[in-house]
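Visitor: Given the coordinates of chain A, assemble chain B onto it according to the supplied hints.
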Amino acid sequence: MALSVEYVAKETASNLWRNRVMALAAVLTVAVSLSLVGTALLLRQAVNRQVQQWSGNVSLQIFMKANATQAETNYVTSLTKQMSAQIRSCDYLDHQASYNLMRQLFAGQQGGDAIISTLTVATTPPVFRCQLVNPNDAASVAAIFHSATSGLPGVLNAPYPGQSIKALERLTNVLQLVLLVIAIVLLASSLVLILNAIRMAIFARRQEIGVMKLVGATNWFIRLPFMAEGLLQGLVGALVAVVVVLLSNVGVHSLVTHYGEFSSLTLPAHELVTTEILVVVVGVVIGALGSSVAVRRFLDV
Amino acid sequence: MIRFENVTKIYKGSIGALTDVTVDIGRGEFVFLVGPSGSGKTTFLRLLLREELPDTGTIFVAGRDIGQLTQWRVPYLRRNLGCVFQDFRLLPNKTVAENVAFALEVIGRSRQLIGTQVAQVLELVGLGQKADRMPAELSGGEQQRVAIARAFVNRPLVLLADEPTGNLDPATSAGIMRLLDRINRTGTTIVMATHDVGIVDMMRRRVIELDHGHLVRDQARGVYGVGTDLPSTSRGIPAVSLLVPPTAVEDGPHTDRVAAVRARRGQR
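Chains as they are written, first to last, in the numbering used here: chain A, 1 to 301; chain B, 1001 to 1268.
Isolated chain A, as found in the complex (with noise of 0.2 Å):
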């Protein structure tokens, strides 16, 4: 079966041009949808990342009253070490310690010096910033702490930044979500797009077919130029929606040094790639699938 590059080129560029309007519909359906997976992808990735970067550092904090004993201290710190199952480790910081890690903190953010020249060093509380077994314990050992569930003395308050976290990750999950709902929709829509245009393509050279046959083409010659159409069509598609990941990411990553927080929701260029490769290959299965299906409901050969 000798099967021409050029021949295959010529033909599927012919068909493509013949049927330009839908041909760019389907090729602009393809690139939104594509746009929004590879933008929820990367919304993912780089959430699970910040949350990796807090949740690692430290899982727990028990602040103790600013005007707690030395005994209520070290009845905290033995109790820590006791749950050694629980706990990791603990560091303990003083009221000094404690007050120079706030004025860190809040020094550069909105409001900050406000917070910070209420501060001192006698009434900032003392507090034990303790790395945890497993992070998904920090409910149930904060429970444990927390003067209000445990009647701990000298323990003002133990709180996790898990349930900050969660709340972010709930959001970004529902987001997410919803990304990926209006992207499903939309592949859905641009492989119907591909199949309602192969079958134009195929419609509009149903005489020259009926001759390949009639002269022994094989099925193969005939079908190749539709098939390298869809795949075009995809792929011309997910190479739009490549440049609009890009640019997203670009434009997430200049909010990122804007605002100076969230430095780890921008993504290293791997995981950007991967991405990338993601969408490409997505296309191009939509574009290949679409094509495909019509080659098979349309030319019966």
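Derived from the structure by calculation, the hints contain no laboratory data.
Fair warning: there could be bad hints in the mix.
[Claimed, not checked] Heads up, simulated SDA-like pairs for lysine to any residue below, C-alpha to C-alpha not over 25 Å straight-line:
hint: 1; chain 1: A; residue 1: K10; chain 2: B; residue 2: Q1117
hint: 2; chain 1: B; residue 1: K1012; chain 2: A; residue 2: E208
hint: 3; chain 1: A; residue 1: K10; chain 2: B; residue 2: Y1076
hint: 4; chain 1: A; residue 1: K10; chain 2: B; residue 2: M1134
hint: 5; chain 1: B; residue 1: K1012; chain 2: A; residue 2: R297
hint: 6; chain 1: B; residue 1: K1094; chain 2: B; residue 2: K1012
hint: 7; chain 1: B; residue 1: K1130; chain 2: A; residue 2: E208
hint: 8; chain 1: A; residue 1: K10; chain 2: B; residue 2: P1135
hint: 9; chain 1: B; residue 1: K1012; chain 2: A; residue 2: D300
hint: 10; chain 1: A; residue 1: K10; chain 2: B; residue 2: G1115
hint: 11; chain 1: B; residue 1: K1130; chain 2: A; residue 2: Q207
hint: 12; chain 1: B; residue 1: K1012; chain 2: A; residue 2: K10
hint: 13; chain 1: A; residue 1: K10; chain 2: B; residue 2: N1093
Guide: Same frame as chain A, but now just chain B:
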């Protein structure tokens, strides 16, 4: 070259299109396939092209049982069977030369070969001067010559023609027949289904007559309806000269059945 062995083909909800047909066509023969519309001529050709499979019986082309061919081998069978139709089936957006070249292009022949073969075959059919015309600029007879050139450019073993003169006036038809005769002389087997009494009577070639799917006559150097040695429904049609318009032939005694068959085809 072609052999039908007890071939039967029945379409759904219809009488048999071919019933127990056994026929043997040798290499280089020129065979007329005659009979009224709906007698099974077209089915005969479609089975040869393996556009359909027979219900029972076997068909051999060049010694090969085509019922045994896998689907992907079918195109290679068709490369050995050139095809010409009543309605020419040229591609209107291609020139004469491009139409002929298309048949070689799509089976992957080299450009160099295509160039020489196309020029040669256009000379053969007498259209060397009109290679760059569009089909719409040609007369019916010239268009049919292009179709024949396209069917023959690949030098098939067999040329199948389904009423190739059906749309042409008698004089033009005679020219087409001279061309087919010339192609036959190159050793190409020709099977031509036709209604054209004048042509069959003039050519005096082998005649295979079908009626309601039955083979009713197989006669060397036969005529359309006269001189039958088997009962024939076309009996009573006078032999007409090539100068009689083909419409006169349709006014024979079986016109009603022709109309009925056409109506049935229209519904399908």
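Visitor: Next, verify each hint and record whether it holds.
Guide: Right, here's what the structure says about each hint:
no.	hint	result
1	A:K10 with B:Q1117	holds, 22 Å
2	B:K1012 with A:E208	violated, 29 Å
3	A:K10 with B:Y1076	holds, 24 Å
4	A:K10 with B:M1134	holds, 21 Å
5	B:K1012 with A:R297	holds, 23 Å
6	B:K1094 with B:K1012	violated, 38 Å
7	B:K1130 with A:E208	holds, 21 Å
8	A:K10 with B:P1135	holds, 22 Å
9	B:K1012 with A:D300	holds, 20 Å
10	A:K10 with B:G1115	holds, 19 Å
11	B:K1130 with A:Q207	holds, 22 Å
12	B:K1012 with A:K10	violated, 42 Å
13	A:K10 with B:N1093	holds, 15 Å
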